[in-house]
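Novice: Single-letter residue listing:
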Amino acid sequence: MKHVKTLTDRTLKSTMEKGGCGECQTSCQSACKTSCTVGNQTCENK
Amino acid sequence: MIHQYKNNGYNIVLDVCSGSVHVVDDLVYDVIALYKECNTQEIIEKLPQYTPEEIQEACEELAILEEQGQLFTEDVYKDAIVDFKKRKTVVKALCLHIAHDCNLACKYCFAGEGEYHGDRSLMSYEVGKKALDFLIANSGNRVNLEVDFFGGEPLMNFQVVKDLVAYGRSREQECNKRFRFTLTTNGVLLNDEVMEFANREMANVVLSIDGRREVHDRMRPTRNGKGSYDLILDKFKKMAESRNQTNYYVRGTFTHYNLDFSEDVLHLADLGFRQISAEPVVATEDAPYAIREEDLPQLFEEYDRLAKQMVEREKAGQGFQFFHFMIDLTGGPCLYKRLSGCGSGTEYLAVTPWGDLYPCHQFVGMEDFRLGNVDTGITKTEVVDEFKLCNVYAKDKCRDCFARFYCSGGCAANSYNFHGNLLDAYEVGCELERKRVECAIMIKAALEEGE
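One line per chain: the protein sequences are A and B, in this order. All residue numbers for the first sequence refer to my numbering, where the first residue is 2 and numbers rise by one. All residue numbers for the second sequence refer to my numbering, where the first residue is 2 and numbers rise by one.
Simulated from the structure, these hints should not be mistaken for laboratory data. Don't take each hint at face value.
[What the hints assert, rightly or not] Now the in silico label distances, taken between C-beta atoms and shown as ranges:
1) A:THR43 - B:GLU67: 29 to 35 Å
2) A:THR43 - B:ARG214: 31 to 37 Å
3) B:GLU428 - A:CYS22: 31 to 37 Å
4) B:ASP261 - A:THR43: 30 to 36 Å
5) A:THR43 - B:ASP76: 20 to 26 Å
6) B:GLY226 - A:THR43: 38 to 44 Å
7) A:THR43 - B:ASN245: 14 to 20 Å
8) B:GLY119 - A:THR43: 31 to 37 Å
9) A:THR43 - B:GLU368: 34 to 40 Å
10) A:THR43 - B:THR52: 41 to 47 Å
11) B:ARG293 - A:CYS22: 36 to 42 Å
12) B:ASP120 - A:CYS22: 38 to 44 Å
13) A:THR43 - B:PRO53: 45 to 51 Å
Small disclaimer: the values here were computed from a predicted structure and weren't measured. In this text, a Cβ means the ideal position worked out from N, Cα and C, and glycines have one as well.
All chains should be built: construct the whole structure from the sequences, respecting the hints.
Specialist: The following block contains the structure:
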């Protein structure tokens, strides 16, 4: 593309196929205890 | 739904429901804002600064992205989350309040200087053991179990921490579980023995420090009123180095008193720390240190400044991680995780020194939220059911927010503390979260460009 550069190579919808295993870290166990930050957790089931 | 914004010279378009991120030129940026309301001819008329050919070309590229499911995608997830939430939940993470006591007297402590508005108390080994047994028994087929040693100050009860880790490890094989222990400490009691133990057993350690000496000392004094910065700094440096600058965070809280908090983050980076977190204090407006709505413009500028600095430092080979700017655009959590949020009250519970169970560390001490205890298990199941229903589609304020798949509906405790129910949102927190997501994506765009 000439005018657009896309930074992502998968969509959220595609993660529905094998998502939901629940093995990933709980967000408040990482470095936040007062603000919810789920989007930066790592998937354990790639 | 898309969210388009300019930051640090980049034109960024987030396609909210697919999670796709596009960096676009001015032409596409202007066209995209009109793309859904106008046909090509109308766009040509509304944007005379571009030639019709250019606009035609932009529209063609946008049409391709749309067809590929990377632009203007519909929100089709609501039914998925309803089904997902109906399933039986398991408990997989505990916040163990190993000590309701503290050797510091931090002014913003939501635990009321470590005591959680109750008596000072240390968790016994017996109670802790029951908590781990409860976790194993209620974790279904989950393998990874998380236990955070929290307080108050957990190192005031270090022997019990050590004994519980040993007990947890002793049960891993027979139960087919893997414990990930973590420790949050103010550092006062950190010594070589603790470091050696933590480096062997703790998947992560969180070291509390607010940044510059005067900022830290103002809010984190010792019990006799002196600052604690000098007591802890060298120990934190040593701890970070001994963990090879990974699997730890130095974590600070910023308040109304240090709205220029980017200085504190950069101070920590200048000291050599590579894993840094700084969170806005959460306090009601009557507290003099509370973040107020009128503070937001300055805080936005601070996040922008920090983001730019991080890009520059990364390019110069002196990069560091800032927890709230971490975003994984190619991996990251699945949709279910993003929709179901932090797991408080369902898969994540807090345990008091005497064994009571609460939805999370922030609810400890609120009688209505006492779910049961380590002997009886959860008896107040109706409260768990309430938490089970907490998700972005259940919250009016989240439904149309572009950041809903990143914060996942925000903190239930903040919602309750500010609005008296679990399904609202703490607006100041939301504003800051949206800003952080914008900055995090900009950093990705800037670093991608450098490659």
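Novice: Each hint should be assessed against the structure and marked as holding or not.
Specialist: For each hint, the structure was consulted:
In this structure the hint that THR43 of chain A and GLU67 of chain B lie 29 to 35 Å apart at CB holds, the actual value being about 30 Å. The hint said 31 to 37 Å for the Cβ distance between THR43 of chain A and ARG214 of chain B, and at roughly 34 Å that hint holds. Under the hint 31 to 37 Å, the C-beta atoms of GLU428 of chain B and CYS22 of chain A, about 33 Å apart, fit the expected range. Between ASP261 of chain B and THR43 of chain A the beta carbons are some 31 Å apart, a value that agrees with the proposed interval 30 to 36 Å.
Hint check: THR43 of chain A to ASP76 of chain B, Cβ distance near 25 Å, so the stated range 20 to 26 Å holds. Checked against the hint of 38 to 44 Å, the C-beta distance between GLY226 of chain B and THR43 of chain A comes to roughly 41 Å, which is consistent with it. Distance hint for THR43 of chain A and ASN245 of chain B: a CB-CB separation of about 18 Å, consistent with the stated range 14 to 20 Å. Between GLY119 of chain B and THR43 of chain A the beta carbon distance is about 35 Å. The supplied range of 31 to 37 Å therefore holds.
A hinted range of 34 to 40 Å holds for the C-beta pair THR43 of chain A and GLU368 of chain B, which are about 36 Å apart. Checked against the hint of 41 to 47 Å, the C-beta distance between THR43 of chain A and THR52 of chain B comes to roughly 46 Å, which is consistent with it. Taken as a hint, the range 36 to 42 Å holds for the pair ARG293 of chain B and CYS22 of chain A, whose Cβ atoms sit roughly 41 Å apart. Taking the beta carbon of each, ASP120 of chain B and CYS22 of chain A are about 40 Å apart, inside 38 to 44 Å as hinted.
In this structure, THR43 of chain A and PRO53 of chain B meet the distance hint of 45 to 51 Å, their C-beta atoms being roughly 47 Å apart.
Violated hints are absent here; each numbered hint is respected by the structure.
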